[in-house]
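Undergrad: Position chain B against the provided structure of chain A, taking the given hints into account.
Protein sequences appear in the order of chains A and B.
Just so we're aligned: 235 in my numbering is position 235 of the first sequence, and the numbers increase by one with no gaps anywhere.
Just so we're aligned: 1132 in my numbering is position 132 of the second sequence, and the numbers increase by one with no gaps anywhere.
Treat the hints as calculated values from the structure; they're not laboratory data.
Do not rely on the hints blindly, as some may be mistaken.
Partial chain A-side listing against chain B, Cβ under 8 Å, derived [claimed, not checked]:
| hint | residue |
| --- | --- |
| 1 | L115 |
| 2 | I116 |
| 3 | L164 |
| 4 | K167 |
| 5 | L278 |
| 6 | T280 |
Distance windows between CB atoms, simulated [claimed, not checked]:
| hint | chain 1 | residue 1 | chain 2 | residue 2 | range |
| --- | --- | --- | --- | --- | --- |
| 7 | A | E53 | B | C1293 | 20 to 28 Å |
| 8 | A | Q303 | B | K1061 | 19 to 27 Å |
| 9 | A | Q227 | B | R1084 | 51 to 59 Å |
| 10 | A | F296 | B | Q1227 | 52 to 60 Å |
| 11 | A | K306 | B | S1236 | 47 to 55 Å |
| 12 | B | K1359 | A | D298 | 40 to 48 Å |
Fair warning: this is a prediction, and the values are worked out from it, not measured in the lab.
For each residue, glycine too, the CB sits at the ideal point set by N, CA and C.
There are 2 protein chains.
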Amino acid sequence: MSTLWKSRYSLRAREIKSSAIRELLKVAEKPDMISFAGGLPAPDLFPVERFAEACEKVLSKHSAFALQYGPTEGCEPLRAMIARHMARYGILAKVENVLITSGSQQALDLIAKLLINPGDRVLVEAPTYLGALQAFNCYGARYLPVPVDGDGLRTELVENALRLGPKFMYILPNFQNPAGVTLSEGRREQLALLADQHGIPIIEDDPYGQLRYEGQHLPPLVVIDRQNVRRDEDFSLGNVIYLSSFSKTLAPGLRLGWIVAPADVIGKLTQLKQGADLHTSTFTQLVAYEVACGGFLDQHVRQIRKVYRERRDAMLHALEEFFPPEVTWTHPKGGLFLWISLPRGMDSQLLFRSALAEKVAFVPGDSFYTSNDLESYRHLRLNFSYCAPEQIREGIRRLSVAVKCQLFNQSEIVCSPDAALANKA
Amino acid sequence: MSTLWKSRYSLRAREIKSSAIRELLKVAEKPDMISFAGGLPAPDLFPVERFAEACEKVLSKHSAFALQYGPTEGCEPLRAMIARHMARYGILAKVENVLITSGSQQALDLIAKLLINPGDRVLVEAPTYLGALQAFNCYGARYLPVPVDGDGLRTELVENALRLGPKFMYILPNFQNPAGVTLSEGRREQLALLADQHGIPIIEDDPYGQLRYEGQHLPPLVVIDRQNVRRDEDFSLGNVIYLSSFSKTLAPGLRLGWIVAPADVIGKLTQLKQGADLHTSTFTQLVAYEVACGGFLDQHVRQIRKVYRERRDAMLHALEEFFPPEVTWTHPKGGLFLWISLPRGMDSQLLFRSALAEKVAFVPGDSFYTSNDLESYRHLRLNFSYCAPEQIREGIRRLSVAVKCQLFNQSEIVCSPDAALANKA
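Same shape as in the complex, but just chain A (with noise of 0.2 Å):
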């Protein structure tokens, strides 16, 4: 009977499979290992205290609201402070512009539902965040995926993919995950500048836009949109949609993000909603308000930025340190990730392999690619704030030693690239 149910599953369920992630920080758990596998944030920088008078004060005072059905938009105090918060950022949405989301994962499955026919294609870059392929793959998405180098998506190849007429565009322009990289001022405007031209919309994926560690704050493509494209206040008539969230500056396990957007699409996205989940815990929304009020949220925002710069430092410092030349990284100028190119023909799935018996883990790259193509393979991302600067160093240093390893088992025996796509047969 149990095969039974599988062939009662529809076609979209059948087509989907589990996150290579998800089965990798299983084995990273082990308590010896060095895990940069995660995108976890730091838990010694979650403010505690903080929500802890906050759920108190909740209770106290607003618990028949708080522990009640709410509306599907979201609380309007919550979306007001996001409204608010999001205005210094260039960004003028109103509170009917703000539909609050149980994470941004929810962001992007409510988006895919919005907009993906099955069979649609989706412009992604390459790589680019698995958690949106996993929204997008179920709703049936094929893909045109452009490559990124360090300056973000390479905007010059954009125009041939957008002629083959793309749904949307899914853009991570801020210390993008999995490279790190971060998508430039030119390329923004070029970029927003193409999307209208062709009448293709952005959806400006932002979870870490905040946590910039060096330089300027570069304007999102939803500002650049509205200022030097269509140069009109007139949100309503914007080409983009933007989503972040408080995952990486309060707590992921509020399960808290946000979508910005013209009202006409919020009021769509929100009967989308309405079925998914009829709403976002009201009482983890007014707890993140609580927490996040009177100015706490940047405060604590320059602490996170503060220890996630030395974490990646030291990371930087140990990948100098330890790592052969004929490996290369990204210097991420935010965020929480780093990407390391290894060597054409090496395989950062074999290496994955090795790297857990020197008890340290990483996610191999293919998993951010849409085809799985030799290119795909030969890349890891590490995650940078989750542990300690010193494990870090030592986390790096035996990632090395499986690195030295396979680099000299490659110059050993002669090892053919499709051997190593074989292997993933």
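TA: Coordinates of chain B only, in the frame set by chain A:
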């Protein structure tokens, strides 16, 4: 450009309309209105102090876990508690058979994602839970409605419908939303047997099962399937997926529900949930665990039963006292809702407008049907859990004024069924 967004919507998004209840609830929110419209638990019963203690404990002892990303399946202690809790009702689930969802609305969305291909038919009770229709509609479901009577689904009509090959049956056996009726034990056995014979699975939605105010608890379909139909202890072979929730026993604002299913099915649902929202809030899960543990949930449910029974009785007495003999209603043995049937030709949408003038609100019955035939317009759903007994009496008195007025008008003017239907177009 706002219309440009509309042109980009997926076919599924274009088909979805906002819930009628949602719009009604906005009207019903006015301060001098007595509302029987929502399905809201009584906020004065929320165990606020217990919640405050739980938050304090979770944050002081488990903050690094409670505020972090968590497993998609849900937190192990909560899943284990739910498994133990369900064993007392004969549902012998292990931890691996339990998936925590963001309210049972998400359970419905995930099950639809798992099972429904566009055009697949779902056998539903007529009337049935509106939120389930909203979830299923997003995946292109069509329906095979089978009417209910005072003993629940009319199982003698099920076999013919099963011959038309529905993908699954969606059944609310206890104190059904909206009709308040309960599937009799004989019919449960008949239904589980038919499901097995035809190889059609049952989705058993049971948010109200614990809120029984009179009579004996009846065995869930998932238990009958195992004990009477298959005579087999092996849960993995079952033909029923069971859903429930903390929304009616602890607090809906937490957004916590669960699915009980064979482990393989839970595995596939977990993959779908990963794309939908990664996981449900770890914080609310741990808080719910701390609130519910040590026998508190049972003790609290006893208190809820006492209060809601009084409110149900207040509503039944007021209906006897004020309503004209042409109008009939169900006598729910539990749950939150009571179902009114108006004489043929009367129209609950017209009644709704005159009821608003009398400052009382309800949900017109047509929202709970999959087809707009005349029958669907002569019912109304009344909630009895939210208002205090004296408010209930006053609200029913007001409603009786609107009902009598419409009855009088109907006897004055010739009201054709066609005219009533045309009114909806």
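Undergrad: Determine for every hint whether it applies to the structure shown.
TA: Hint check results:
Taking 8 Å as the C-beta cut-off, the interface hint given for L115(A) holds, the closest approach to chain B being about 6 Å. The criterion of a C-beta within 8 Å of any C-beta in chain B is met by I116(A), whose closest approach is roughly 6 Å, and the hint holds. For L164(A), the interface hint is violated, the least distance from its beta-carbon to any beta-carbon of chain B being 16 Å, above 8 Å. Given hint, K167(A) at the interface with chain B, holds; its Cβ is 7 Å from that chain's nearest Cβ, closer than 8 Å.
Because the beta carbon of L278(A) sits about 4 Å from the nearest beta carbon in chain B, less than 8 Å, this interface hint is met. Interface hint at T280(A): satisfied, since its Cβ lies 7 Å from the closest Cβ of chain B, which is below the 8 Å cut-off. For the pair E53(A) and C1293(B), the beta carbons lie near 24 Å from each other, so the given range of 20 to 28 Å is met. Between Q303(A) and K1061(B) the Cβ separation comes to about 23 Å, which falls inside the hinted range of 19 to 27 Å.
Remark: the range hint 51 to 59 Å for Q227(A) to R1084(B) is upheld by a beta-carbon distance near 58 Å. For F296(A) paired with Q1227(B), a C-beta distance near 55 Å keeps the hint of 52 to 60 Å intact. A C-beta distance of roughly 51 Å is found between K306(A) and S1236(B), which places it inside the suggested range of 47 to 55 Å. Checked against the given bound of 40 to 48 Å, the beta carbons of K1359(B) and D298(A), roughly 46 Å apart, stay inside it.
When held up to the earlier numbered hints, the structure conflicts with hint 3 and nothing else.
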